[in-house]
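Those sequence lines, one after another, are chains A and B.
Anchor point for the first sequence: position 513 equals 513 in this note's numbering, and the numbering is continuous, going up by one each time.
Just remember that this note's numbering sits 1000 ahead of the position in the second sequence, which is counted from 1.
Hints should not be assumed to be uniformly reliable.
[Stated by the list, open to error] Just some of the chain A residues that point at chain B, by a computed CB distance under 8 Å:
1. D56
2. Q99
3. A277
4. K279
5. L297
6. L424
7. S425
8. I426
[As the list claims (entries may be wrong)] As a list, the in silico DSS-like pairs of lysine-lysine whose alpha-carbon atoms are at most 30 Å apart:
9. A:K155 with A:K253
10. A:K48 with A:K155
11. A:K313 with A:K199
12. A:K421 with B:K1095
13. A:K47 with B:K1095
14. A:K462 with A:K540
15. A:K421 with B:K1179
16. B:K1179 with B:K1095
17. A:K25 with A:K48
Just so you know, these hints were derived from the structure itself, not from any lab.
Think of the CB as a built atom: it goes at the ideal place given N, C-alpha and C, for glycine as much as any other residue.
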Amino acid sequence: MSTDSRIDTSKVATSNGTTAATASKPGPAGSLASWADDRLGLATAMKKNLRKVFPDHWSFMLGEIALWSFVVLLLTGVFLTLWFNPSMGHITYEGSYDQLRGVGMSESMASTLHISFDVRGGLLMRQMHHWAAAIFIASMMVHLLRVAFTGAYRKPRELNWVIGCLLLLLGTLEGFTGYSLPDDLLSGTGVRAADGFLKATPVAGSYMSFLLFGGEFPGESIIPRLYIIHVLLIPGILLALIAAHMLLLVYHKHTQWPGPGRTEQNVVGFPMLPVYAAKAGGFFFMVFGVIAIMGGLMSINPVWKFGPYDPTKVTAGSQPDWYMGWPDGLLRIIPTGWETVIFGYTISWNVMLPILIVPPLMLVILMLLPFIEGWITGDKRDHHLLQRPRNAPTRTAVMVSLMTFYGLAWAAGGNDIIAIKLDLSINQITYFMRVAIFLGPLLAFWITRRWCISLQRHDNEKLLHGYETGIITRSPEGAYAERHLPISETSAYTLTARDRDEVYSVGSDTDAAGVAAPNSRSERLRARLSSWMYSHNVQKPTRAELEEAHHHAEHEAELQAGLDHPVDGHQFDDHRLRDTDEVPLRDH
Amino acid sequence: MLLLGLLISGSLYTAFSPAQADSQPSETEQVAQGKELFLASCAFCHGQNGEGVPTVRDGYQLGPSLVGVGAAAVDFQVGTGRMPMAAPGQQAPRKPVVFSDEEIAALAAYVASLGPGPAIPNEADYSIDDLSEEERQEAISRGGQIFLTNCTACHNFNGAGGAMPRGGYAPSLHGVEPKYIFEAMLTGPQQMPNFSNGNLSPEEKRDVIAYLGSLEETPEYAGFTLGGLGPVSEGLFAWVVGIGGLVGAAVWIASHTTRSKKSKVNA
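Build out the structure end to end from the sequences listed, making use of the hints.
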């Protein structure tokens, strides 16, 4: 019958219970979610992303510091715009700060003082904004180092690496424009320096300077122009790039450390809801809290002490914020006489090299790193398992070398402070840095690479001969030896979960007919670089080597079996077999 | 003429400071005592008559001539412990004072007798206590602008000091007595330029001192000054406290994982 064939779905049981299940009335949250889903269709997108998996490791949270400090920057920045007046109009300060009352200054300086002294919470917001900026860029750099040292920039993440580098550049520019806005003595000195850098550009320099300043330095346009760059242009691009960075993060999935159960095809960790939403959300409050504490307790950029900018004044300790410190350091140590005069025009190598050539070059090198490495290895596979820094000795050494260069240039940027705080001569610091900036990176490269290779050897020792128990035994002949025990299978898996390095080699330069192979020159270069990068590395033991070693250590392996407590030194003797009542502790 | 001038100033000084008049030794006694001290502690570098001791290198001296440096220079150098120097060096650091006030006054009187030079300033020269509230306020803000124009290039915006070539340094101005700041401007000790009264009038010097004093009296609105050294120390704290603390927080968050039961399981 037709009525029987029609199934009444409302009575179909959804469980094996004795009573039929019926849909209960949805709660208020549920009905709100259904209302929204009916109109926005979010459920499909959310279903997957709410369960997005994050592996647990502290180093994966460094980029989050940058994200959250950027949120703090947006919040505090909006607060500051409510009172800040980006104008170079000249007025006389009549606010609360005694020492500057009656002094002529620009409206931007006066409004900065107004925020600091007459707006409730204004000084806290200003200081939080500034500390958040310093932390924003610092955390981008430590995040960058983590990504580089673990090889996370390999395929498929090269473009996200490039976006990250651009974020670092934009963050630095954003920081510089913000530093310049209050129009105090320090920021004015910085703008003056920037004007000098522009003018050091051959041919176009003076035109660029006139374009930026709307005439001769300082003019009346620079602060409003920097302001709109600072609050609209760069933050807009930053936001777009951060969005792109994070979309790619979701698309690529997260990288993870190798270990049992972790492959190139999965991600082992905790889902966004409920675990990582709580962890990341909690971390936001921690970042906010640290920045708030710093803003509340630690002075940063006390503009009232610098006073308004006046080109006739300067102060000792005029430095840029930390992220611009390293080009400033290069500028401080370059010999002053490096200039060439061509047809009556001076080319200032002493400004161009440290400011206009080396920093952009460093950025380009940084952005190209994954592509150069990919070209040398010829590796086209996707990589989601990270490498320990020791297992890529040359890459690690290159990064440490770059860090050493950066660090030395950075320290040179604080040469005057180092001189007075450590009772040194500023001249001798400069002479030292002129040599160290070349030798330091080479030395760091060499030490790091050897160090990594030694650590690789140590890993192999552990795999083949076990770990050092710290137990010294004496043989009947009187020889002392430290006993080794095999490492656990988990550790052994983790240590061997890496690829063998393959040194690329070119075949013959010519084919059978004697025709030169295409690209043979670049291929030969690639082979040389590949050999330079990988031929010194220590490879993991082969299966045969491992089996032989295990066979060799079978006795110890038996002792290890069932050992779920720390070694106490008695695995190797018959202590456990004896009864202390029967056998005296010491045989005579 | 010089002796006459000294006699007049000496007697005027005696006349106008009656409280000390009885206990003060006479000018000539002071000079004699000062000479004795000078021969024992200063003459090795400055010469037996304060004429300076040249070295074999042209233009270099063991100690410069003190003819015409005035009592103010002695009061500054000896009163802050810079002289006598413990060892030759790029700069004489401030250190515990060796001589008593009386001995310093005697040394100052002796050196002043070598040639005319700036005298030790009176408190009235550098104090703004006599001014009205409004004048005081103006003096402070004027002094701040003079300070930023003339002093911050070496001493830093906060008076925290700065580096000078070859191991020299502009010392910190925190806690320096007003008299010594005035004398330093007046006599230009060591690497410091001399701000003569024609360059910075005594009132302008007073205003600078008033500004520096007001900085010390003003509470630090912004919190710890981190040395008052500018962006270098700020960057250091951003890395050590900011990044250091937050990486610590990341380690903490990542090492505390979820558990499915209420009871805590020890890993």
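Structure-based check of all given hints:
The interface hint given for A:D56 holds, since its Cβ lies 5 Å from the closest Cβ of chain B, which is under the 8 Å cut-off. At a threshold of 8 Å, the smallest CB-CB gap from A:Q99 to chain B is about 5 Å, leaving the interface hint in force. With a least beta-carbon distance of about 12 Å to chain B, the hint placing A:A277 at the interface is violated under the 8 Å criterion. The interface hint given for A:K279 holds, since its Cβ lies 5 Å from the closest Cβ of chain B, which is under the 8 Å cut-off.
The closest approach between the C-beta of A:L297 and any C-beta of chain B is roughly 4 Å, which is under the 8 Å cut-off, so the hint is satisfied. Hint status for A:L424: holds, given a least beta-carbon distance of 7 Å to chain B, under 8 Å. At about 4 Å, the closest approach between the beta carbon of A:S425 and any beta carbon in chain B falls short of 8 Å, and the interface hint on this residue holds. With its C-beta approaching chain B no nearer than about 5 Å, A:I426 sits inside the 8 Å limit, and its interface hint holds.
Distance restraint check for A:K155 and A:K253: the Cα-Cα separation of roughly 13 Å lies within the 30 Å cut-off, and the hinted pair is therefore satisfied. For the given pair, A:K48 sits about 24 Å from A:K155 by alpha-carbon distance, which is consistent with the 30 Å threshold. Of the supplied pair hints, the one linking A:K313 and A:K199 holds, its CA atoms being roughly 21 Å apart against a limit of 30 Å. Using a Cα cut-off of 30 Å, the hinted pair A:K421 and B:K1095 holds, with the two alpha carbons roughly 17 Å apart.
As the CA atoms of A:K47 and B:K1095 are separated by approximately 72 Å, the hinted pair breaks the 30 Å bound. Straight-line distance between C-alpha atoms of A:K462 and A:K540 comes to about 11 Å, which keeps the hinted pair within the 30 Å bound. Among the hinted pairs, A:K421 with B:K1179 is consistent with the structure: their alpha-carbon atoms are about 26 Å apart, no more than 30 Å. Using a Cα cut-off of 30 Å, the hinted pair B:K1179 and B:K1095 holds, with the two alpha carbons roughly 17 Å apart.
Taking the CA atoms of A:K25 and A:K48, the gap is near 25 Å; set against the 30 Å cutoff, the hint holds.
Figure legend: structure checked against the earlier numbered hints; hints not met, in rising order: 3, 13.
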